[in-house]
Amino acid sequence: MNIPKRFQTPLVALLIASAGALHGASKLNVMTTTQDLAAIAREVGGDKINVDSIAMGYQDPHFVEPKPSFLLKLQKADLLAVVGLQLEIGWLPPLQTQSRNAKIQVGGTGYLDMSDFCQILEKPAGQVTRAMGDVHPLGNPHYWLDPENGRRIAKAFMTKLSEMDSADASTFQQRYADFDKRLTVAEKRWQDKMAPYKGRKVITYHRSWPSFCERLGLQVIDYVEPRPGIPPTPSHTLEVINIMKREGIKLILVEPYFDLRTPNSIAQQAGGEVAVLLPSVGGKKEVTDYFQLFDYDVNLLASIFEKVK
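Residue numbers for the sequence shown follow our numbering, so the first one is 121 and each next one is one higher.
The hints are simulated quantities; they were obtained by calculation from the structure and are not laboratory data. Please note that a few of the clues may not be correct.
[Unchecked claim] For each label pair, taking beta carbons as the anchor points, the in silico distance ranges come out as:
#	residue 1	residue 2	range
1	E283	I341	17 to 23 Å
2	Q311	I341	18 to 24 Å
3	E268	G319	16 to 22 Å
4	E185	L241	24 to 30 Å
5	A422	R220	46 to 52 Å
6	P316	R220	51 to 57 Å
7	G319	L241	41 to 47 Å
[What the hints assert, rightly or not] With a cut-off of at most 30 Å between alpha-carbon atoms, the simulated DSSO-like pairs for lysine-lysine come out as follows:
#	residue 1	residue 2
8	K193	K318
9	K321	K243
10	K308	K223
11	K313	K404
12	K308	K321
13	K196	K405
14	K243	K147
15	K308	K404
16	K405	K147
17	K405	K168
18	K370	K243
19	K193	K427
20	K313	K223
21	K427	K370
22	K321	K427
23	K429	K275
24	K365	K301
25	K223	K187
26	K196	K243
27	K321	K193
28	K313	K427
29	K405	K365
30	K313	K187
31	K275	K427
32	K187	K405
33	K321	K404
34	K318	K196
35	K313	K168
36	K275	K168
37	K147	K187
38	K147	K223
39	K187	K404
40	K301	K168
Ideal Cβ placement from N, Cα and C applies to all residues, glycine included.
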């Protein structure tokens, strides 16, 4: 069929607009279990993907209350990215099953366990029992708090998104390269900021910080929890106070979702300070991306270390 020339330009424009609309409608729907993974997914996917997370950064990711709204989001998900190492074991499996979305089941084409790509610390040797507390038998799941693992997560997203949407693969690759470059610059900034305090000893409430502390040169000596996930006891609290006095430890790192009464009491009796660090993007409203998370924590640490030196 011959189209008169006077109609060709408007028709071409309409076809282009329609193609654009169809492409926009075909964005991949990415669900993540935490805001940290969502933040890194946005760095790589940009406006080519829709991203949402289940756990909020101000929540303890071990304990999330399942909601019907989560099911609706999982039903529509093309990709589900998880922290893994059983971090989400208490709440995610039922949501996956009830979503009836075959793609996001373990082993499905839209299931991505980021722990498979990262360096994992604190892998227990021997048998793990309940008497040891909430020990993760596959290793510590708070690995995203090492920027090098953040880079590995971004690369895994780039590979998976490129596989799922080959038409936008070059965009994902370019965005990953940009993230990698900016992260390299930021890592130097964080290392330089923490260099004067390298080797400092700290107490942490929960075992959230091994990757963070190892990367920034801090030594974790003990924990407010007597065992992972077990609330502090009077006898262990006294032991931590004595350790702080004996070792000259001046800082306790606490996640924002734990009760501060015991850490504050320990710090007061030991002559130290409590720092409420953010283990996740979204821990405060102003911390909306992966870079801001480390900027916040590193700046807070440096200011307190300067105060208690």
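Hints, one by one, checked against the model:
no., hint, verdict
1, E283 - I341: 17 to 23 Å, "violated (44 Å)"
2, Q311 - I341: 18 to 24 Å, "holds (22 Å)"
3, E268 - G319: 16 to 22 Å, "holds (20 Å)"
4, E185 - L241: 24 to 30 Å, "holds (29 Å)"
5, A422 - R220: 46 to 52 Å, "holds (49 Å)"
6, P316 - R220: 51 to 57 Å, "holds (54 Å)"
7, G319 - L241: 41 to 47 Å, "violated (18 Å)"
8, K193 - K318, "violated (43 Å)"
9, K321 - K243, "holds (22 Å)"
10, K308 - K223, "violated (39 Å)"
11, K313 - K404, "holds (22 Å)"
12, K308 - K321, "holds (22 Å)"
13, K196 - K405, "holds (27 Å)"
14, K243 - K147, "violated (38 Å)"
15, K308 - K404, "holds (24 Å)"
16, K405 - K147, "holds (27 Å)"
17, K405 - K168, "holds (25 Å)"
18, K370 - K243, "holds (28 Å)"
19, K193 - K427, "violated (46 Å)"
20, K313 - K223, "violated (43 Å)"
21, K427 - K370, "holds (10 Å)"
22, K321 - K427, "holds (15 Å)"
23, K429 - K275, "violated (39 Å)"
24, K365 - K301, "violated (42 Å)"
25, K223 - K187, "holds (20 Å)"
26, K196 - K243, "violated (35 Å)"
27, K321 - K193, "violated (43 Å)"
28, K313 - K427, "holds (15 Å)"
29, K405 - K365, "violated (35 Å)"
30, K313 - K187, "violated (41 Å)"
31, K275 - K427, "violated (38 Å)"
32, K187 - K405, "holds (22 Å)"
33, K321 - K404, "holds (26 Å)"
34, K318 - K196, "violated (46 Å)"
35, K313 - K168, "violated (35 Å)"
36, K275 - K168, "holds (16 Å)"
37, K147 - K187, "holds (25 Å)"
38, K147 - K223, "holds (16 Å)"
39, K187 - K404, "holds (22 Å)"
40, K301 - K168, "holds (21 Å)"
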